[in-house]
Amino acid sequence: MVWVGNREIAWCPGCGNFPIRTALESVLKELPVPPQKIVLTSGIGQAAKMPHYLDTNFFNGLHGRALPLAVGIKIARPDLTVIAVSGDGCNYGEGGNHFIHTIRKNLDLTILTHDNKVYALTKGQSAPTTDRGTMNNLDPQGNENRPFNPLAAAIVMGAPFVARGSAGDPDHLKEVLKEAILFKGTAVVDIFQPCVTFNHINTYQWYKDRVYRLGKPLPDRYEALKTAEIWGERIPIGVIFRDEGVMPRQSDRIIFREPPEDKALGAMLSQQHFK
Amino acid sequence: MELNLLIGGEAGQGLASFENTLVDILSKLRFRFFATKNYMSRVRGGHNYHMFRISENPVHALSGDGWDIVVALDRESEQRHKPDLKKGGLFISLEMTEELNKQAREKYGRITAANEILSGVVLSAMGCGDGDIARIEGDSLDPVRTGFSLANKWDVADRYPLSTRAGNHYRLDGNQALAIGALLGGCQFMAGYPMTPSTSIMVYFAAAALELTVHFEQAEDEIAALNMALGASYAGLRSMVATSGGGFALMQEAVSLSGMTETPVVIIVGQRPGPSTGLPTRTEQADLNFVLHAGHGEFPRIVFAPGSPAEAVLLARKSFELADRFQIPVFILSDQYFADSQQIIEEPLDTGIIAREYNVYGSDYRRYAITENGVSPVTYPGLGDALVRVDSDEHDESGSITEDLNLRVRMVDKRLAKFRGIRDEAIAPTPMGEADADVFLVCWGSNGPIVKEAVERLGGEGIRVGGLHFGQVFPLTPGMIDRYGLHRRKVVAVENNATGQFASLLKRELDITVSGRILKYDGTCFTVNELCNEMRTYFRKV
Ligand SMILES: Cc1ncc(C[n+]2csc(CCOP(=O)(O)OP(=O)(O)O)c2C)c(N)n1
Ligand code: SF4
Ligand SMILES: [Mg+2]
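Chains as they are written, first to last, in my numbering: chain C, 1 to 275; chain H, 1 to 542.
Among these hints, one or two may not hold up.
Simulated crosslink set (DSSO-like; lysine-lysine; CA at most 30 Å straight-line) [to be verified]: (1) H:Lys37 to C:Lys263; (2) C:Lys275 to H:Lys28; (3) H:Lys541 to H:Lys507; (4) H:Lys153 to H:Lys107; (5) C:Lys105 to C:Lys174; (6) H:Lys507 to C:Lys37; (7) C:Lys184 to C:Lys37; (8) C:Lys263 to C:Lys275; (9) H:Lys37 to C:Lys275; (10) C:Lys226 to C:Lys29; (11) C:Lys226 to C:Lys178; (12) C:Lys123 to C:Lys184.
Hints listed in this document are in silico derivations from the structure and should not be mistaken for laboratory results. Since this is a predicted model, take the numbers as computed values, not measurements.
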């Protein structure tokens, strides 16, 4: 059993989720908002347990559905800081449709995905980001599908903030997370997360040998798209694309605790009222 | 006295705009009417028809006694509906409507004037003259007068004089009634994905969002829609979704999420004939079992099925209050017939918006505190020091995942304990006809007003029948029906499905055995006449 403070944590010792948790915890503490004003949403999976290990509000929902929950919360309460955090299976597989359409909405929220290239909670099957040829109990001959590139997809969908972090570089990850959460608009962050139990290829060392930090984010979408596609001996992490020019869709209209007035509704009803 | 009118034609020939024109004029002149339609799932062509029953008395169903006027905008309408013209009725043929269109174009320079001319023909048949149409404004007035002279020419003027009219009233279709009820219930958030017959609820809500502090969000699919609604509800807005069977199928897991996380939400399921895509624009009541059993696992729920727009306003309003009070999903079953029928409501509506509370708690707040009645104190993120932690896994009182199996049992018991309070709130069915009759018709949802009129008509013929309309179909409690002694009577269920789902529910919940089932599942509603015939046959057999 692993304990952090007085909480028992259900992750394997050495799991990449731990450094991500530590980074996120310290970013949340540094935010200019109290924990009561922060809501994490998550789905189901190992990564999706994250909210349970942080001191803030959360709605731990269904597998694949962290994003529509976040959308509902953010629309209802623009005053809250909303962060969806889940695994690659959750956000890109079961919830892939929501990934596309949540980005299109460009609400001011953050989408974090722990990319361990595996369905960990269900014990090791291929995720959308799993490399071709990877073998597991449901792909005994090796996975035949091309991996999903979440960052390229996010850029193409028009996400104004697209970044990658790595659990193996926690200081850098912290900076990326903070920038993402403070960004005004939908921020997409894919986080390399070694799964020490089920993924024996994409290990800490594997990432260490390949990952390099990007400098300043690229202002040009097409350049960013090229960067998002770099894969192999060298893999970039950092903010790949950042577009300040796009205003989030959100209006500042507050409707929470502002029910319609009887009079206004009465005026609407008068169209159907005949005297 | 009443006038029954049918107008048939192809999709795209302007039947819907004629309906709107006529009902607008009827409402302004305070005539009592009921209007419904039967249409195909296509945008052009095919065969659609709209039906109107205009009467001196309140009317909330199709009589089924034949048509006084049939208007055919194509040959198919003539073939199909002319045989149902009553003796002495007026048939307005394709050629006659062409004459009408010609006048619209030549006199008024717009084809839409044809709707007003035809409305004028109908008004004249109802006994209206120049003195009666002062409330019709602007451009419409003259075309209506042209209709008067056509009515004279066609010898239909004053044939169905309607002397009494309604007082103050609302004119609503079923979906408008549901949307208005939701707004009155304090609903501020709706997410949806278009699907017949529920789309117009979304349209109404989206329009309301321009005027009121409410929000409509079009979701990428129904899964997202219900999850968004649950997110908004968690964050502090009363929320709802509306869909039909297929979309509701996609919502299942989130229904269960509402049950587990105790997040209130109202779900409107507008039924249409299934299975699968079925008959997309027709009516049926075959999703009762589906809604009763929706979502995996065990959790409390309430299911309403309003019969009239007035009841829809009332029950939709109440749904939000109950969803909130018990922190549960509340379902409203409607159907295409109900959704698309326009009628007038003469009873007063309670138009005050239900206020809600926003309680503030300290840092020791636990979202799932175990209480005697199963209801935990609720608050929303950002109020006070409380953290609101909500989990779809089995959880402890503070919302953290647990696999403590003793706690699991206590949490199940806590959630199900809410059923006690829910059962105490059960809304009794509406009685009709003779309270001490040997035979009782039972129905639910949109069949309510049809059964009511049938029971009254049979009573008038000396056939003694009673009836009960269930606006609340689940839970069913003995207290709801005690006074009717149903166990001693012959109970006949009237339903728009092939198996008698409500009849089976009555057996399961209240041990009532029905002795007859009058079922219809051809995609159309019952008419009063049809139901009376079924009952006469039933009485011949017993
Ligand atoms: C609707 C549904 N399908 C399947 C599952 C089973 N399931 C739970 S987690 C999971 C995959 C988890 O993978 P990922 O999201 O990548 O999270 P990880 O465990 O790798 O962090 C699956 C398939 C479920 N809970 N719900
Ligand atoms: S299975 Fe993998 S992802 Fe899950 S806790 Fe263990 S190491 Fe981490
Ligand atoms: Mg994973």
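- Message: Next pair to validate is Lys226 of chain C with Lys29 of chain C; report whether the Cα-Cα distance is within 30 Å.
- Response: 34 Å, violated
- Task: Would you mind confirming whether the straight-line C-alpha gap from Lys153 of chain H to Lys107 of chain H stays at or under 30 Å?
- Result: Satisfied, since the Cα-Cα distance of roughly 18 Å is no more than 30 Å.
- Is it true that the CA of Lys105 of chain C sits at most 30 Å from the CA of Lys174 of chain C? Given that 30 Å is the threshold and the Cα spacing comes to 26 Å, the pair holds.
- Query: Taking only the CA atoms, is the gap from Lys123 of chain C to Lys184 of chain C under or equal to 30 Å?
  - Reply: 37 Å, violated
- Query: Does the structure keep Lys37 of chain H and Lys263 of chain C at a Cα separation of 30 Å or less?
  - Reply: 33 Å, violated
- Quickly compare the C-alpha distance for Lys541 of chain H and Lys507 of chain H to 30 Å and report which way the hint goes. OK: Lys541 of chain H and Lys507 of chain H at ~23 Å, within 30 Å.
- Task: Mind checking the alpha carbons of Lys226 of chain C and Lys178 of chain C for me, to see if they're no more than 30 Å apart?
- Result: With Cα atoms ~24 Å apart, Lys226 of chain C and Lys178 of chain C stay inside 30 Å; holds.
- Can the restraint linking Lys275 of chain C and Lys28 of chain H be considered satisfied, given a maximum Cα separation of 30 Å? It holds: about 8 Å lies between the C-alpha atoms, which stays within 30 Å.
- Task: Below or equal to 30 Å on CA atoms is what counts here, so check Lys263 of chain C against Lys275 of chain C.
- Result: 18 Å, holds
- Item | Restraint status (C-alpha distance of Lys184 of chain C to Lys37 of chain C at most 30 Å) | 16 Å, holds
- Item | Agreement of Lys507 of chain H and Lys37 of chain C with the hint, judged by alpha carbon distance not exceeding 30 Å | 50 Å, violated
- Query: Are Lys37 of chain H and Lys275 of chain C close enough, with their CA atoms no more than 30 Å apart?
  - Reply: With a Cα-Cα distance of about 26 Å, the restraint between Lys37 of chain H and Lys275 of chain C holds, given a limit of 30 Å.
Against the hints set out earlier in the document, violations occur for numbers 1, 6, 10, 12.
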